[in-house]
Amino acid sequence: MIVLLDLYSLSYSWFAFGYLVESVRITYSIGMGKSSKDKRDLYYRKAKEEGWRARSAFKLLQLDEQFGLLKDVSRVVDLCAAPGSWSQVLSGKIFTENNTSASEDNSKKIVAVDLQPMSPIDNVITLQADITHPKTLEHILEIFEGKKADFVCSDGAPDVTGLHDLDEYVQGQLILSALQLATCILKEGGTFVAKIFRGRDIDLLYSQLGYLFEKVICAKPRSSRGTSLESFIVCIGYRPREGWVPSLRPDLSTEEFFQDMKIGRSRLTDVLEAELEERKVAPFIACGDLNTSYDSDATYTLDKAVERISLNPVQMPTAPPYKKAVEMKRKGELRIVK
Amino acid sequence: MSDRSNERLEELSHIGPICSLTVFRDQLLLSGEGPTLNAYNYKTNEKCFGKKIFNRNKIHGISCSSTTEKNPLLSIWGGRSLCISRLDQIKNDATAIKLKELSVADWIMYTEFSNDFKKLYVLTAHNVVVIIDTASLKVIDTKSCGEKSILYSGSIRVLEDKVIICAGTVMDGIIIWELESERTLHSLVDHEGSIFGLKASDCGKYLLSCSDDRSIRVWDLDSGSLLATGWGHGSRIWSLNFFDLDGTDSKTFKVFSSSEDCTARIWQFTENDSCLKQLKIFESHMGRNVWSSAVDTELKLGFTGGADGRIKIHDLSEETRPGYKNLKWTLPEISAQADVTFIKDEIIKEYFDFGSGLLSITSTGKILLLNYSTTTWNILFEDSRYVHFSLVKGFELEKIVVISNKDGDLIFMKFDDDCNMIKKAEHKEDSLVRLNNVLTCEKNGRYLLLLESPKADDKLVLKEFDAELHLVSTLYLTKPKDKIVATALDFDDINNYIIIGSRFATVTLYDISQSSEPLKVWRKFVKGDTISHIKVLESGEDKDKLTVLLTFRDRDYFVITIDKTYKLELIQDNKIQKGFIEGGFFDKNSNDLILYGFKSDSFFVWNETRQFEIMREICGGPHRQWSFTHKLDDSQNLKCRFIYTRSSGIQLVENGERINKEYLASGLHGREIRSMAVTDSSNPNEKLLITGSEDTTIILSTLTSSGEVKPHWSQRHHGSGMQSVHFVNKIFLLSSSAKEELYLWKLTQDNTNNYITLFRTVKPSNSNPDLRIMDFDTIEIKEGDKVVGFLLIAVYSDSNMKAWYFSYEKNTFKLLMDGTYRTCCILNVKFVKFLDNIYAMIGSTNGYLTIYDITKHILKYFKIIDDEFMQLIADDESFEIAQFDNLVVDQQLHQSSIKSFDIRFTSSTAVSIVTGGDDNALILSSVQLIEDQQSSNLEVSVNAFDSNAASSTITSVKFIDDSRVLVTSVDQIVRLWSIDNEELSLLKDEYTTVADTGCAAIADFGNGEKLALVGGSGFSTFSI
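Top to bottom, those sequences are chains A and B. Letter by letter, the first sequence follows residues 1 to 338 of the UniProt record's numbering. Letter by letter, the second sequence follows residues 1 to 1024 of the UniProt record's numbering.
Just so you know, the hints here were simulated from the structure itself, not pulled from any lab data. Here the structure is a predicted model, which is why all the values come from computation and not from measurement. C-beta atoms are modelled at their ideal positions from N, C-alpha and C, and glycine is treated no differently. Do not rely on the hints blindly, as some may be mistaken.
[To be verified] Capping the alpha-carbon separation at 25 Å, the derived lysine-lysine pairs in PhoX-like fashion look like this: (1) B:K746 / B:K564; (2) B:K578 / A:K329; (3) A:K108 / A:K46; (4) B:K564 / B:K578; (5) B:K527 / B:K739; (6) A:K323 / B:K739; (7) B:K786 / B:K545; (8) B:K564 / B:K481; (9) A:K331 / B:K535; (10) B:K138 / A:K262; (11) A:K338 / B:K639; (12) A:K338 / B:K328; (13) B:K251 / A:K338; (14) B:K52 / B:K1010; (15) A:K338 / B:K300; (16) B:K138 / B:K98; (17) A:K331 / B:K599; (18) A:K329 / B:K599; (19) B:K91 / B:K70; (20) A:K338 / B:K277; (21) B:K423 / B:K443.
[Said to hold, decoys possible] Take a look, some chain B residues computed to stay more than 10 Å from chain A by CB distance: (22) G224; (23) W626; (24) F628; (25) F727; (26) K746; (27) E809.
Let the sequences and hints guide you as you build the complete structure.
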């Protein structure tokens, strides 16, 4: 089922970021299905073999394996969901493994939201919508029939620029936007999981999340490369702030949404004070069994016969904004002619 | 920051991404380098001052209240931080008062002063403008157009009657709104993807924008209509500037842009032309990303700041500079000027640039002269002996031109500075069957002409002339046995050596004072094709050392030495990224190596030492007649003249006077530094620094105790991102990268230069190598007192481990051990010796510290003699490949990857180990050898650990001395830990602006002067 929301005022929103860097930008220039990439990254090959839309499916599987996140959950929201591999995992865990389906079990619901269109996934309601918009929240609540969610997750990442401070800031904003929606829809005691970059200010986020959840853990699944700054924040046991009522309004920025929440975020003061914000280190947990899970940094030797079978990606990449420039370059139209 | 001691940890220097540049009055350029504001005078090329503005945040922008006032207000911003201050206060208070760091509690996109400077408008990343009173530094108001979506770029234009906000969103759109009314004026949606740059013109008429779609767009700010679009950048565009825009009436202007594609470009806008036309490309940064740019619109200079930390100056109006020439003549034009009639198909065949003019010859033997000062063509004479085949060569310094034909008729002509022929002489060489090649060489008043015929039996004729065109001598040199075709010639007038270069990488040496037979021929001494240029760099009286630069008509160039025994040694070999090198020289002023040649459709002149392009001419490619000459002008700048034939006409380009130097800061790597190592230099005040980067290059630099880095060579042999670099000793070093590359390099220092050459590579195990070699370690091997080689152990991304013995004499890597640990990726390795035992200690992605006892395999062939060396005790021919079959320790320390470890011996049987992990933990453990009569065992104990030693991945641990460890981590904090009494305690920590903090090294300058070097996205030195 695909529900298209009113796209009014979506054009300036930024959650097209939902697509994965590793599945779009790289593959567009290099091309998918190369066996060298299959060898360099066994999860990449395995994802194709097992029908996952992106290798990141393994990250959620390993997080679940470690924390039992998806046990007994009924209503879940997958934010920045495209191309949909986490929704695939959710669908498998919530429906398939329980030998049921969305049509049979009305009490269980998975909603996947992204600004990008997504191909349908069994048992998942996909919304092409802006997660910062109040209408999106309304719509999810409608689907949940007024009930709150057990689990909210986001595997979104921006298209990085290479300026580390800016990229970390933008990723931080993405997490805040997901958290913003989570605070509106998550039940008390619910779980929030999001992708983070462990950069210079990650301890600020740990500290702020500490006000909202009983447990805040930084988890690194073995399927996430050791060379990447990527990790996942696993926030267990949502504790709504006392006396604070979330209100998702189109005229409020994410900064303004959180400003009265008293979670240690600095706010604009009349004298432009540069407050020292609280920093806290969250405990680190590596997930995925050391002996049975694959190592995403290791090179594996593929069986010669296997190597020769070139697998097509499950989901083709969407056209990037620079498609025209690439075509012009190919035609030699970008050169200075004298 | 913690400070529990008298420990020092002070940043001395930083090279890293330059995120903002602003041109200020009196030729002052303000540059944001990390949290530090640096000011450069680009007239004198000096750094005027530098001041740290923010605690942590990098400076992303600088606005001035006035560019003409002597002491204006500056608004400096970066991240959430803001500083408003007078220039003098920043300049003078180098140490005194700390500037106040303000915050608007959100990321700042742009700031601009009001016309009366009483207000500052601050645009945040949520499209909100905070209005600040610049006197009281208090918030007056906040404004928003109602659309608070997140921005990637912004620009504010303060006009007489209104303030216009331009906001670039992360998805396709640009919002233009008016501040006072908070009314949205336009939503511009022609771009695709995030808007990365916006700039409104001073007059408020135009807006420039760029986005992820790689186009630049020009908009009419009033009507919101799209005026023009420019395509050309190969990647994302980061910054835009206007110039040549004179007021609101201007119907044309130019744009200066900088991009992720490592270039800066000039564009032309013309009213009613929807195409923003690309005019010029500057290739002048390393790696990726030119983040910032600025323009001095009066002097027409462009400045770019890159991820490589370089600030480059570009001449945006070279064609208007004194001395600049760009001339072309078609054949009819030449014919008309010279008053000669060309017959059908007559072309200009050959020419020689003698400094004040160009002498050329046509296919029917007309000798034409182009006078550079009058820029007119004349006919000198016509000579039927030179119909069809002729060669024109000469001696530029003495303004002598020689024309020759196949019969050996040589006409010499000498010119003066005004291009008048002042002497003419004829000579004849009739010993050759057919003269088909002439090479020349001039040195200290001696003029040599080498004449060659295609016939193998013919001699090479070497004729020497004096400046008066008299023949001094003729020598008949015997050609080497196998045929050569001479392509390059130089003369060592101290030793009377003639050096001839030819095809198939062949060098022939003659000693003309001794014999006409070749002294030595080196054939295919390197992989390469035709030698395009030979230049003697240095030679000694005792013939012991001749140093020669060779360039090849492909990407390669070399520096070789030839000693008394005619042993040729490569001391420098490298390649440029693309193109064909036609020649090269060391700039006398800077000692930088300058190379020139062709790439695709252009001729280029390239500063190889500093890695930037000096000149580029789109000439159509290499297949044409051309001439290149160069000299240093009066202000010691390089003056180049390139003449070429195109569509049978002649074109001439000559760079004008440079009013400024080429760069203000030289920079280092363009992408993340992944590994570095330091060794002693022959200069006791310096160290040699090797850095290996994600950009696939390794750079050899010198490092001073004040933290200054001067790059010498950027080696381009590796084909993938670097993993590790280590020195074997002061002369040899190894580097490893992906694609199973493991390279041995040799350093050579002479009086003028430090050289580095690829000495040997380790053969990959697979014909299609795809393994990463993560790390390696070495032990030097002696035979008697002489160092004869080293033991090498390397670890791989597929859990493989290999050990070799390298013999300097045999120049081979002999495999000694081969094996596999598990299926994880091994990240680091070290040899450990206890008494008569030797071990390989490894750390992997599984978090285990693992030790293999390799004693019985290694001690078969080697003996441990001391802490440092081992002794070779067997013939390496007898070596057999052994397995890593004795795993003695396999202890999990960390939850995931051991990113780095370092060891320190506490006794001859015990070692302290500090490990840093991806799990933020720092662990102090020890391994001890326990020996009894029956057996010897290793005992591991964890003595101390801190699971939250950093808030992110620990990437490097390095012992500074027995009691202190330097630790770097991705949280951008550099920490000093003490390990006294088997306890870990934090001594001091300091924030570093080096993001993706990945590697560290210690440079010990003696007398307690130690530097901690930190690398990542940038490079910083700390005094410890």
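Are any of the numbered hints broken by this structure? If so, which, sorted upward? 3, 4, 6, 9
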